[in-house]
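Each chain, letter by letter, is given below.
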Amino acid sequence: MSPQHPETTGPGTSDAVVAPDATAAAGGAGGTKDRAQYGLCAGLALLGAYVLFDASRIGAVSSSNDPVGPKPMPILLGVLLLVVAAFYAVDIARGGHGEAEEGEDVDLSTSVDWRTIGMLIAAFAVNALLIEPLGWVISGALLFWGSAFALGNRHHVRGLAAGVALSLITFYAFAIGLGVNLPAGILQGIL
Amino acid sequence: MDNITSLIGGFGDVLSPMNLLIALLGVTVGTAVGVLPGIGPAMTVALLLPITYGMAPVEGLILFAGIFYGGMYGGSTTSILLNTPGESASVVTAIEGNKMAKAGRAAQALATSAIGSFIAGTIGTLGIVFLMPQVAKFAISLGAPEYLAIILLTFTGVTAVLGASRVRGLASLLVGLTIGVVGIDFVTGQQRLTGGLPQLADGIDVVVVAVGIFAVGEALWVAAHLRRKAGEVIPVGRPWMGRSDWSRSWKPWLRGTLLGFPFGAMPAGGAEIPTLLSYTAEKKLSRHPEEFGKGAIEGVAGPEAANNASAAGTLVPMLALGLPTNATAAIMLAALQGWGIEPGPLLLTKEPALVWALIASLFIGNTMLLLLNLPLAPAWAKLLQIPRPYLYAGILFFASMGAYAVNSQPFDLWLLLALGLLGFAMRRFGLPVLPLIVGVILGPLVERKGRQSLQLTGGDLSGLVGGPVAWVCYVLIVIALAWPLVGLVRSRLGRSGGSGDHHDGPGSGDGQGPDALASARAGYSFNSPEA
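Line order of the protein sequences matches chains V and Z.
Under the working numbering, residues 1 to 191 are what the first sequence spells out, in order.
Under the working numbering, residues 1 to 531 are what the second sequence spells out, in order.
Hints were generated in silico from the structure; no laboratory data involved.
Label pairs and their in silico Cβ distance ranges:
id: 1; chain 1: V; residue 1: Gly118; chain 2: Z; residue 2: Gly242; range: 46 to 56 Å
id: 2; chain 1: V; residue 1: Gly152; chain 2: Z; residue 2: Arg238; range: 33 to 43 Å
id: 3; chain 1: V; residue 1: His156; chain 2: Z; residue 2: Ile479; range: 55 to 65 Å
id: 4; chain 1: V; residue 1: Arg57; chain 2: Z; residue 2: Lys382; range: 49 to 59 Å
C-beta: ideal position from N, C-alpha, C; glycine also.
Whole structure, please, built from the sequences with the hints as guidance.
If you want it as structure tokens, here you go:
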């Protein structure tokens, strides 16, 4: 373990190694306070409160084998969640903000595309609802096609064909080949 | 010499046609997902978990080992050719590597990173052979209080040392620990945090958590900010190096390995610090310091070796102590649990054949990677052109399949969606993902050790204070947590009551490393699924 310290580590000189792309990300949220963070902060506090509430309902069971019982761990977690939420709020108030994650395909200069997110969630929900009645081959193909559509794919036939191919391949390879549990649904007996 | 004998035994187990085929499959898949944007080895291993439950543990581990090492090879290809590293450990490689590629030296950059990775991986794996059994032997003698202290030190490492912001790392860890509590208590059988839902009585399966946070969260995050115009890939031929490249590369490879392995082997190491240290060291030692920033080969060779050696090092605490310090190792531990194998200090004693086969497969996979990557680099680079809608639709498809297959209940798909949205929020707000997954996996263990420690003293808190090992851990934890305070006090005193306007940046950023690199890191948070 090597504790890091701003002044003591980093023997290197700090002449400019200009990192491309870094400026945009660093400057992105710099000016204004990122108030949406308070939402996450409130979520943490709510979670902490719920954990404490749930812990209060656990009957105090202890034995010589287990003098502690199941209660202290959630109580500790609940308290810590509340404490961290408070520190988090202080950090936000002082202008702290987490850096949104960069990635190969991530363009942080755009704002969040809620329409795409909504369509993806819908495709996801359709799969969760249909997987047992219709079976994985159909619901999986719809999931793939729907997600690709949400992400901007406009070759509908190609997308659907790829989805059907993928779900058939996975069904035969994993469900029948490796014994993974995937439902056949209404295609039971046909596949 | 016992180690060598056991290792040879391990090679004997691995060198069957079937296992070699699985190793080849592993390194191929690993390289592919390393190259592909948005997917990393951790996500891949998570997606494959439910499938491997049907395989023998040895086969599954060989597959995962291949993906683990292959992912790093592929990751460096992307960072050199695209200059948008998906993983924090490749940030440093990208600085010089992409400059080299732009200057028409992509082939040499890829070659030095592939050969350096091979050398570092091989030396690092040898390091595992000699170090891991010693650590395991030592760890067996530790009691519950000492073990508890080591776990807490790991928590401190993944939250406070590795991330950019302590409070965000801690929040992530606590959410993970809370998820780990859900279900029936293992001693008393009482339901905790289940909300009365019978599907939650067995707890939330770690596969669903990992797939939700890594795969669904990442896909949703990318979808929200999808780059409409894909980044420009620098075309590349077959990697090769000239005589001067070799003579400039071999010392950085070895120095990078020496820096990387010890950091990886510590319960709180990681790859970020050693790659940064290696970069600065090479810059100082280079006979061509003027080339740094314009594409110096030493600046690729050193950090790449450090990255791979540190990855090898992380297998020491994983195998000897059952403690994960990176995301892929965390999910490999979950896989062991899925096969009914208890990770921890007794693993080597109880399952020696499995452990040595895994280590032998690392040597084999590493060699395969070199053979696979040098000639095939141009083909791998083509993977970067896959249409993004299909790529991310495919991730969601496999994520849903894997999560459903764990328990065959649609309920898990809704849970997966909820966890995916959590993963999305964490990426949006810069919360690191690693502490959460470590918390989910180690949460039950830390509670069990805590309760065992207190068993002896009948609940008296003095039971938590163990022997010298525990003391050392607690001292290290206090030091790690107290450093920013020291810095704060110092700057307060130094400025003698300035405006009080501390520029704390993202949390209490403890800026490890030179400023320029710190600013490079700022762009890439620690959240990467490819960690």
